[in-house]
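Peer 1: Please put together the full structure from these sequences, using the hints given.
Protein chains: 2
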Amino acid sequence: MKIINPRSGTSFILSKGKKLKITDIEGEQVADLLCYNLNDKKEYLSSGRTIDYAETIFLTEGHPFYSNRSNVMFTMIEDTVKRHDFLLTPCSSDTFRIIYGHEHPHQGCFGNLCNALQEYNITPDEIPTTFNVFMHVTVNGETGKVDVLPPKSKAGDYIIIEAKMDLLVGLTACSAEMSNNYSFKPIGYEILD
Amino acid sequence: MKIINPRSGTSFILSKGKKLKITDIEGEQVADLLCYNLNDKKEYLSSGRTIDYAETIFLTEGHPFYSNRSNVMFTMIEDTVKRHDFLLTPCSSDTFRIIYGHEHPHQGCFGNLCNALQEYNITPDEIPTTFNVFMHVTVNGETGKVDVLPPKSKAGDYIIIEAKMDLLVGLTACSAEMSNNYSFKPIGYEILD
Chain A
0 MKIINPRSGT
10 SFILSKGKKL
20 KITDIEGEQV
30 ADLLCYNLND
40 KKEYLSSGRT
50 IDYAETIFLT
60 EGHPFYSNRS
70 NVMFTMIEDT
80 VKRHDFLLTP
90 CSSDTFRIIY
100 GHEHPHQGCF
110 GNLCNALQEY
120 NITPDEIPTT
130 FNVFMHVTVN
140 GETGKVDVLP
150 PKSKAGDYII
160 IEAKMDLLVG
170 LTACSAEMSN
180 NYSFKPIGYE
190 ILD
Chain B
0 MKIINPRSGT
10 SFILSKGKKL
20 KITDIEGEQV
30 ADLLCYNLND
40 KKEYLSSGRT
50 IDYAETIFLT
60 EGHPFYSNRS
70 NVMFTMIEDT
80 VKRHDFLLTP
90 CSSDTFRIIY
100 GHEHPHQGCF
110 GNLCNALQEY
120 NITPDEIPTT
130 FNVFMHVTVN
140 GETGKVDVLP
150 PKSKAGDYII
160 IEAKMDLLVG
170 LTACSAEMSN
180 NYSFKPIGYE
190 ILD
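Going down the list, the sequences are from chains A and B.
The first sequence: position 127 = 126 (numbering that gives the first Met the number 0), numbered continuously.
The second sequence: position 10 = 9 (numbering that gives the first Met the number 0), numbered continuously.
It should be emphasised that the hints constitute simulated quantities derived from the structure, not laboratory data.
Incorrect hints may appear among the rest.
The list makes no distinction among identical chains, and a pair is therefore deemed to hold if it is satisfied within one copy or across any two copies.
[Claimed, not checked] DMTMM-like cross-link-like pairs, simulated, lysine to aspartate or glutamate; straight-line CA separation at most 25 Å:
id	residue 1	residue 2
1	Lys17	Asp146
2	Lys163	Glu176
3	Lys18	Glu102
4	Lys163	Asp93
5	Lys81	Asp124
6	Lys41	Glu77
7	Lys144	Glu161
8	Lys40	Glu161
9	Lys144	Glu77
10	Lys144	Glu54
Remember, it's a predicted structure, so these values are computed and weren't measured experimentally.
Peer 2: See the structure below:
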């Protein structure tokens, strides 16, 4: 298993048919996930298309994840937690400035993804809303209020996704206090045949 | 007041400080809205950033709407309906194929926006999740289930937004049966000083 250190990120290729296992090693840690069609990086993971076709904001095993072109990019095939977020953008220096009021903000998952994807010529403007693995966001159906709670994931919990096209993947160990119950931990990942 | 015919779309420039009034002329009709920074069209309206900073999925008067770069693009200053959607992507031929099972699908708001924005060199891949004015989407906070109900808007209901930067705007009279209570109607708009 490869390790993403706390408050950092990485990128890698996941070929069609391969599986990716993402593990919360210590528990209560979020991993921001996004992907692009490796052969045409203008095609990217779309929260809006995925939620629309799944008719739910809570994506879990069995759900296909769609691109902005309405093609299936991957399917989630195992999920020991069953609670993730697909509404919120990756934390960034702006998040820490606007929400947390930090004067010298961390670059966050957004900055970590920018760095990790730069070698594939992905620009910051091309980083969309991420699928926030293990992130526990509640929505009040009456008022619309969104709250960020500690993840439901415990040490060793994981998801497995299966690529339905050749993918460029970005993945982080999230940097936002609130999302990880105020303690930054690593994230594990491995590519399975 | 200018009229957008049923199942069509348009684009126009809204300069900083100008206001845009969007009117549901007959009632129960959705209008998909998106915008770009006129001077750098890689900067676009972001549902993820806006929901994150507002801490609600229901945006209404008083809320700033953010770009992917976390800049305020516009603020909603009046809202006689107070129920709109910012989760779902514009309806498209894929929507009609996947959700409705249509064999010869309409191009939808997505296709209408593509056509309307082509003259400004916006490509289809650059059309993000839209702010769906008057669209009535419910979310079950327990299960995550998303449902599309008839709009709450009645004839003459409107919103007014105020541009905080020079904007290129795309706007439609929505083409999806479910979103408009199975009757396609026009949308009115006017630019106010």
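Peer 1: Tell me, please, which holds for Lys144 and Glu161 at an alpha-carbon limit of 25 Å: within, between, both or neither?
Peer 2: between (33 Å within a copy, 24 Å between copies)
Peer 1: Given a CA cutoff of 25 Å, do Lys163 and Asp93 count as a within-copy pair, a between-copy pair, both, or neither?
Peer 2: between (33 Å within a copy, 18 Å between copies)
Peer 1: State whether the alpha carbon distance between Lys144 and Glu77 is at most 25 Å within one copy, between copies, both, or neither.
Peer 2: between (29 Å within a copy, 20 Å between copies)
Peer 1: One pair to classify: Lys81 and Asp124, alpha carbons no more than 25 Å apart. Within, between, both, or neither?
Peer 2: neither (30 Å within a copy, 30 Å between copies)
Peer 1: Cα distance capped at 25 Å. Does Lys18 pair with Glu102 within a copy, between copies, both, or neither?
Peer 2: neither (40 Å within a copy, 33 Å between copies)
Peer 1: When Cα atoms must be at most 25 Å apart, do Lys40 and Glu161 count as within-copy, between-copy, both, or neither?
Peer 2: Within one copy only: 19 Å inside, 34 Å across.
Peer 1: Check Lys41 against Glu77 for me: Cα-Cα at most 25 Å, and say if that holds within a copy, between copies, both or neither.
Peer 2: neither (28 Å within a copy, 36 Å between copies)
Peer 1: From the Cα coordinates, with 25 Å as the cut-off, is the pair Lys144 and Glu54 best called within, between, both, or neither?
Peer 2: Classified as both: same-chain Cα gap 19 Å, cross-chain 6 Å, threshold 25 Å.
Peer 1: Tell me, please, which holds for Lys17 and Asp146 at an alpha-carbon limit of 25 Å: within, between, both or neither?
Peer 2: Cα proximity of Lys17 and Asp146: none, with 34 Å in one copy and 33 Å across.
Peer 1: Could you place Lys163 and Glu176 in one of the four classes (within, between, both, neither) given a Cα distance threshold of 25 Å?
Peer 2: neither (33 Å within a copy, 31 Å between copies)
Of the hints listed earlier, those the structure fails to meet are numbers 1, 2, 3, 5 and 6, in rising order.
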